[in-house]
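K.L.:
Below are the chains, spelled out letter by letter.
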Amino acid sequence: MDLAVFLVQCLNAIQYGLLLFLVASGLTLIFGILGIINLAHGSFYMIGAYLAYALAPWAAANVGGGFFVALGIGIVLSIAFGYVLEWAFVSYLYEREHLQQVLMTYGLILVLEELRSILAGDDVHGVAPPAWLAGTVPLGGVMTYAVYRLFMSGVCMAVALALYLVITRTRVGMAIRAGASNREMVQALGIDIRLLYRIVFAGGVALAVFAGMIAAPASSVYPGMGNQVLILSFVVVVIGGIGSVRGALTASLLVGFVDTFGKVFMPQIAGLLVYVLMAAILLWRPEGLFRTA
Amino acid sequence: MKLPRIAIPPAIGRLLKFWPLAAALVVLALFPHIGGGFYVDLVLTTMILAIFALSLELLVGGTGLVSFGHAAFFGIAAYATVLLSAKTDAPSLAWLLPPVLAIAAIAACVIGALCLRTRGIYFIMVTLAFAQMTYFVFHDTSLAGGSDGLYLYAKPRLAIGDVTLLDLGRPMTLYYATLGCLVVVYALLALIGRARFGQALAGIKSNEQRMRASGFSTYPYKLAAFTLAGALAGVAGFLHAVKDGFVNPEILAWHQSGAVLLTLILGGIGTLRGPVLGAFVFVLLKEVFQSEAVFGAFARHWQLPLGLAIIACVALMPNGVVALPARFRRLRMPIPHAG
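Heads up: the sequence lines are chains A and B, in that order.
Using the working numbering, count along the first sequence one by one with no gaps and you end on 281.
Using the working numbering, count along the second sequence one by one with no gaps and you end on 463.
These are computed hints drawn from the structure, not numbers from a lab.
Worth double-checking, as some hints may not be accurate.
Distance ranges between label pairs, derived from CB positions [unchecked claim]:
#	chain 1	residue 1	chain 2	residue 2	range
1	A	SER105	B	GLY137	49 to 59 Å
2	A	ASP180	B	ALA153	53 to 63 Å
3	B	GLU374	A	LYS251	15 to 25 Å
4	B	PRO223	A	LEU138	44 to 54 Å
5	A	HIS113	B	VAL234	38 to 48 Å
6	A	LYS251	B	ALA147	55 to 65 Å
7	A	PRO45	B	HIS379	29 to 39 Å
Here a beta-carbon is modelled for each residue, glycine too, at the ideal position from N, C-alpha and C.
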């Protein structure tokens, strides 16, 4: 493998890992703080991709903006959607067993997946990236790399940084961290824990929807695209440790590299390698890499 | 009016408690003579699902382990059934079933050994992830036909010399064999529930810390339960492969694991009749939602009403169908007179 190919694969791995991080970080926050196992998280990713597909032409025709206007509208919609979803379905699961959370969110998957089928059909769609990001950059003479993929990595890194700053430097972030370690104590201090939960859930949904939206131009938009991402996010959360955003970042990149290079070197068993990695981590540290509590 | 009290000997009283079970058994045994071919097939499907759900009940209801990857063992056994069968001759049941169950049990033992290092939400995710791994093994590699799946060319039979005792290729024989398996699995789980092993599992479910404190090494117990549950799911997988004569990776997909968990919670966790009732309710619901006579063209989107039914079920009857009579009794209870 020469250097340019290696470099391209590295960029792919980073881009894939960072995208996975956006989905997995929402999942790990919802696990860690709300104590909810949310199977519908992959569906939010799928919704994001379909939103990009539906909103981009609409925004171009009516508002006069392209992809980025659609992105903005999508984020606003997803926060509202997450907020309503928490209020309607998730809010009374906090005291219930995991099993009931699993079933409720499993039911949500079926509903969301069928609504998608009714509203958008079962065809595979593509989304055009914005014109100024559509080109490629030359890489080491013969290779080229899509500008949009570089842009994706950049955006994901910016979001990861913003997430880090929100959690470590703001009042809401402080409340979130406190809520993760002791729910009752936070309530006793006069913080509205239900509102906090609602914010975290809506934020998690928005992260997954956002990931789906920016992934849409790079991959195609197809039914069931959320399932694959959901399972991989589970693997990421298991490797990184529940509730740890830092762990999610490390684990996402690890999974990104293992998957990408697995496809290059061992295409036959590439699908399995990620799970082998998970098994190895489980043997070594069953609580995940960054689990502290 | 008050009925006169008749003194019933306690032994008979205990037997009388089993009359609903006996009645259900009689109905199931007589059903092929009453119902048409389509309905017999439907009941056969239901009984296979009931065995599958019973095997999961040992984990969820018996031990408190919520496995979201139980379809893996069902699917592994189904694949093993097809892969171990010869392409020409009808395979012998005696040579086929034991290795199939052993393979399912070994797979469950290996996967369980890893999954049981975790607990709670982790356990749910890890079981799901490993089930998905087995899905990819069958889906991506050329080991067993890839995403197209495999056909079972000849159905297994049991013969001594030239006398055929059981030929699972005959629908009636398969029906009664499945009913027999259901009874055996039910009885086995009932026995386990009363045995020391089952009591230990129940202890682990209610308080694992305390079980450990009182000197039980809980890990081997959990692993044994996981392995046994995998083998019993293998029984269901074997029957499924024989019934359909065809396997593809979809039988290992996580929708299967979700469906069997749903079956369990529909029926009610913690009892053995729950999973069986749940299987009937689930198959009926699915059949109604898929029927074009009821829903017309909308039947194509049958997962939407199913999803809504799941959500309603979790919200309104968290304890399943089994708990419904008690619920109604509470509603019907006369309000005591005030003053």
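K.L.:
For each hint, tell me whether it holds in the structure or not.
P.N.:
A quick look at each hint next to the structure:
About 54 Å separates the C-beta atoms of SER105(A) and GLY137(B), a value consistent with the hinted range of 49 to 59 Å. Take ASP180(A) and ALA153(B): their Cβ atoms lie about 59 Å apart, and the range 53 to 63 Å holds. Roughly 23 Å separates the CB atoms of GLU374(B) and LYS251(A), a value that falls within the hinted 15 to 25 Å. About 53 Å separates the C-beta atoms of PRO223(B) and LEU138(A), a value consistent with the hinted range of 44 to 54 Å.
Between HIS113(A) and VAL234(B) the CB atoms are about 41 Å apart, so this pair conforms to the stated range of 38 to 48 Å. In this structure the supplied range 55 to 65 Å holds for LYS251(A) paired with ALA147(B), their Cβ-Cβ distance being about 57 Å. A C-beta distance of roughly 32 Å is found between PRO45(A) and HIS379(B), which places it inside the suggested range of 29 to 39 Å.
Violated hints for the displayed structure: none, as all numbered hints are satisfied.
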